[in-house]
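Undergrad: Throw the hints in and build the complete structure from the sequences for me.
Protein sequences, first through last, are from chains W and H. My numbering puts the first sequence at residues 67 to 418. My numbering puts the second sequence at residues 194 to 444.
Certain hints may be false.
To be verified - In silico DSS-like links for lysine-lysine, alpha-carbon gap of 25 Å or less:
| no. | chain 1 | residue 1 | chain 2 | residue 2 |
| --- | --- | --- | --- | --- |
| 1 | H | K276 | W | K132 |
| 2 | H | K316 | W | K78 |
| 3 | W | K117 | W | K131 |
| 4 | W | K417 | W | K353 |
| 5 | W | K120 | H | K355 |
| 6 | H | K249 | H | K309 |
| 7 | W | K78 | H | K249 |
| 8 | H | K195 | H | K275 |
| 9 | H | K309 | H | K195 |
| 10 | H | K412 | H | K195 |
| 11 | W | K417 | W | K170 |
| 12 | H | K275 | H | K309 |
| 13 | W | K131 | H | K355 |
| 14 | W | K132 | H | K412 |
| 15 | H | K309 | H | K276 |
| 16 | H | K316 | H | K355 |
| 17 | H | K249 | W | K131 |
| 18 | W | K117 | W | K78 |
| 19 | W | K120 | H | K412 |
| 20 | H | K195 | W | K78 |
| 21 | H | K275 | H | K316 |
| 22 | H | K413 | W | K132 |
| 23 | H | K412 | H | K309 |
| 24 | H | K275 | W | K78 |
| 25 | H | K412 | W | K117 |
| 26 | H | K249 | H | K275 |
| 27 | H | K249 | H | K355 |
| 28 | W | K78 | W | K131 |
| 29 | W | K78 | H | K309 |
| 30 | H | K195 | H | K355 |
| 31 | H | K276 | H | K316 |
| 32 | H | K355 | W | K117 |
| 33 | H | K249 | W | K132 |
| 34 | H | K249 | H | K276 |
| 35 | W | K170 | W | K117 |
| 36 | H | K195 | H | K316 |
| 37 | W | K393 | W | K163 |
In case anyone wonders, no lab produced these hints; they're calculated from the structure.
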Amino acid sequence: MCSGEWTLNYLKTVAIILESYSVISPISWEISNVTELDSAGVALWHLYYRKFEKMGFASEIIGSKKEHIQLYNLLYPHPQDDVIAPNRPGWLYRVGKEAYLSIKGIGTFLTFLGEAFTVLLYSLRNPSIIRYRSISSHIITAGFDALPIIAVSAFLIGVVIAFQSIVQLQKFGADILIVDMIGISLTRELAPLITAIVIAGRSGSAFTAQIGAMKMTQEIDAMKTMGFHPHLFLVWPRVIALMIVLPLLIFFADLVGIFGGMVIASTQSHLSYTEFINRLQGALPIKHFIIGIVKGPFFAILIAMTGTYRGFQVSANTESIGQYTTKSVVNAIFLVIACDALFSILLTELKI
Amino acid sequence: MKPIIIEARNIVTSFGENLIHNNVSCTIREHEIYALLGGSGSGKSTLLREMIMLGKPSSGTIHIFGTDISHLSLVEAQGLRKKWGVLFQSGALYSSLTVGENIALLYEEYTDLPPKLIRELIKLKIDLVGLPQHAIHLYPSELSGGMVKRASLARALALDPKLLFLDEPTSGLDPLSSRQFDALIQQLRDLLGLTVVMVTHDLDTIHHIVDRFLLLGEKKAIAEGTLDEVLAINHPIIDYFFQKETHGIKS
Chain W
67 MCSGEWTLNY
77 LKTVAIILES
87 YSVISPISWE
97 ISNVTELDSA
107 GVALWHLYYR
117 KFEKMGFASE
127 IIGSKKEHIQ
137 LYNLLYPHPQ
147 DDVIAPNRPG
157 WLYRVGKEAY
167 LSIKGIGTFL
177 TFLGEAFTVL
187 LYSLRNPSII
197 RYRSISSHII
207 TAGFDALPII
217 AVSAFLIGVV
227 IAFQSIVQLQ
237 KFGADILIVD
247 MIGISLTREL
257 APLITAIVIA
267 GRSGSAFTAQ
277 IGAMKMTQEI
287 DAMKTMGFHP
297 HLFLVWPRVI
307 ALMIVLPLLI
317 FFADLVGIFG
327 GMVIASTQSH
337 LSYTEFINRL
347 QGALPIKHFI
357 IGIVKGPFFA
367 ILIAMTGTYR
377 GFQVSANTES
387 IGQYTTKSVV
397 NAIFLVIACD
407 ALFSILLTEL
417 KI
Chain H
194 MKPIIIEARN
204 IVTSFGENLI
214 HNNVSCTIRE
224 HEIYALLGGS
234 GSGKSTLLRE
244 MIMLGKPSSG
254 TIHIFGTDIS
264 HLSLVEAQGL
274 RKKWGVLFQS
284 GALYSSLTVG
294 ENIALLYEEY
304 TDLPPKLIRE
314 LIKLKIDLVG
324 LPQHAIHLYP
334 SELSGGMVKR
344 ASLARALALD
354 PKLLFLDEPT
364 SGLDPLSSRQ
374 FDALIQQLRD
384 LLGLTVVMVT
394 HDLDTIHHIV
404 DRFLLLGEKK
414 AIAEGTLDEV
424 LAINHPIIDY
434 FFQKETHGIK
444 S
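TA: Right, here's the structure in full:
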């Protein structure tokens, strides 16, 4: 006997009852009292009809209405067969695939770079096609607009370094060395690194998202058909803008960072600003400052190239834009740190 | 007369200075395939969005299933939303989920059916909209335009709604697929007792399956009724829209 509403909201109890039945004889379904039936109701009935049939018990239906039969015929026009979900490959396969893809990824990145430099050489011979206006707009968004966040980060780094080292230096009564400490560590290593990391997070991700969105809306295809080379219009303006801006931002971070250290030095160990600056002139050879600034364009090219490259990899699905933005930032930060390490080794070996 | 499902009265919509609807009214009855028509920018999609509570009219009322949708508590609104399904123009399938998971999501959120039954239901819905069974395991990015529409329709039908909203269901489909889609919608209306509200530009759809429609233009409702009723009216927008006298529909 079945009765009442066989619809989505009420089927849970029916399912539990049906599951608990142990069938010992052929079934008759008396359904004349079923007031409402929806596709879930029919599906549930058919599920158990098949189950009982498999156990060897036939079913008969009593009291079905015209609508019931219509609905049944709509939903089960032909016998259903199960589709098996595609097998998930084993872990060895996945590791292999990932490894293969990452090696292949290096290849595609090099292709991307190659294409970019071909376009660059071409544009150097025809300087009129360089997108100067685009470069300057990126200088504003990637450079000028980043000043506040760079200022805050660099100031705090200066403060942190000063605090940490002052405690140690005071033990030896060598407070004055705080100036050397801050001057060298900031200009040579910390300011370039912090600036690059902030810019990677800020502009690298923005480049990927901008280009990725254009890729999704087929704007890039449209550009290609009109003969606007994407590398010329999208990649190089960003790369060049960042190469111009990053050394300047590093210089700015140097200033603010040293100022942060100066503030702490004067409050914690009564080293006046004038004393600090006098000492700095002697303690900070120009080469450290120059090394820090020179790293700028290298970091810039890494950040901008990975950012734009990842942007071009975005595919039609919405998830990929987030995925590649993440990848672009992670890759850029890693490359910046690796490049910095390379600089350290090289310069130490060269005794600079 | 069949009972009224949706009744919009004196809808006024404006975005800032830009007036979209000026006193638009329409009545949609049970088991109807009802179309909102009009040229681009005539506000038909806006009217549809207001019906499915994605937008609010500046003034006027919309009653759906007899409840005024402008003053609903969160719970009431949620209950009402479960009674209809929406097919968006671009499908709007969740791209991180397979077709099967897209449909399953609704069952998992709103019902407590056993997983076995959910799987069975997904297979049924996929079959119902004419997709091959292996489509269950495909991601939206792996589907063709027509398949996306069908998969999205399967999702819209998941909870057995009595009311179906379709936003340009046949746009982007080839003529044959469009006619098949029309036939499918008509069949579903007949067999599942649906009421269908759609926005469309497709004259063939209007000719073959739409029962009654509302023609919007000049910020107003120009005409409401069956094709024959509307074609009998003499109005430049009607002549233009149906391309009377040229190669359009002849009454």
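Undergrad: Hint by hint, note whether the structure agrees.
TA: Checked hints:
1. H/K276 <-> W/K132: Measuring from Cα to Cα gives roughly 24 Å; hence the hint holds.
2. H/K316 <-> W/K78: Given that 25 Å is the threshold and the Cα spacing comes to 19 Å, the pair holds.
3. W/K117 <-> W/K131: OK: W/K117 and W/K131 at ~23 Å, within 25 Å.
4. W/K417 <-> W/K353: 12 Å, holds
5. W/K120 <-> H/K355: With a Cα-Cα distance of about 34 Å, the restraint between W/K120 and H/K355 is violated, given a limit of 25 Å.
6. H/K249 <-> H/K309: 40 Å, violated
7. W/K78 <-> H/K249: Cα-Cα ~37 Å, so violated.
8. H/K195 <-> H/K275: Roughly 22 Å between the alpha carbons, so the hint for H/K195 and H/K275 holds.
9. H/K309 <-> H/K195: 38 Å, violated
10. H/K412 <-> H/K195: 29 Å, violated
11. W/K417 <-> W/K170: Roughly 37 Å between the alpha carbons, so the hint for W/K417 and W/K170 is violated.
12. H/K275 <-> H/K309: 22 Å, holds
13. W/K131 <-> H/K355: The hint holds at about 20 Å.
14. W/K132 <-> H/K412: With a Cα-Cα distance of about 45 Å, the restraint between W/K132 and H/K412 is violated, given a limit of 25 Å.
15. H/K309 <-> H/K276: 24 Å, holds
16. H/K316 <-> H/K355: Between H/K316 and H/K355 the Cα gap is close to 20 Å, so the pair holds against 25 Å.
17. H/K249 <-> W/K131: Between H/K249 and W/K131 the Cα gap is close to 42 Å, so the pair fails against 25 Å, i.e. violated.
18. W/K117 <-> W/K78: This hinted pair holds, its Cα atoms lying about 18 Å apart.
19. W/K120 <-> H/K412: Violated, because 62 Å separates the two Cα atoms, which is more than 25 Å.
20. H/K195 <-> W/K78: 33 Å, violated
21. H/K275 <-> H/K316: Cα-Cα ~21 Å, so holds.
22. H/K413 <-> W/K132: 43 Å, violated
23. H/K412 <-> H/K309: 50 Å, violated
24. H/K275 <-> W/K78: 18 Å, holds
25. H/K412 <-> W/K117: 58 Å, violated
26. H/K249 <-> H/K275: Roughly 19 Å separates the two Cα atoms, so the pair holds.
27. H/K249 <-> H/K355: 23 Å, holds
28. W/K78 <-> W/K131: The hint holds at about 23 Å.
29. W/K78 <-> H/K309: 12 Å, holds
30. H/K195 <-> H/K355: 14 Å, holds
31. H/K276 <-> H/K316: 21 Å, holds
32. H/K355 <-> W/K117: Not satisfied, since the Cα-Cα distance of roughly 30 Å exceeds 25 Å.
33. H/K249 <-> W/K132: Violated, at roughly 41 Å.
34. H/K249 <-> H/K276: 19 Å, holds
35. W/K170 <-> W/K117: 50 Å, violated
36. H/K195 <-> H/K316: Distance of about 33 Å is beyond 25 Å: violated.
37. W/K393 <-> W/K163: Judged against 25 Å, a Cα distance of about 18 Å means the pair holds.
In terms of the numbered hints stated before, the structure departs from hints 5, 6, 7, 9, 10, 11, 14, 17, 19, 20, 22, 23, 25, 32, 33, 35, 36, listed from lowest to highest.
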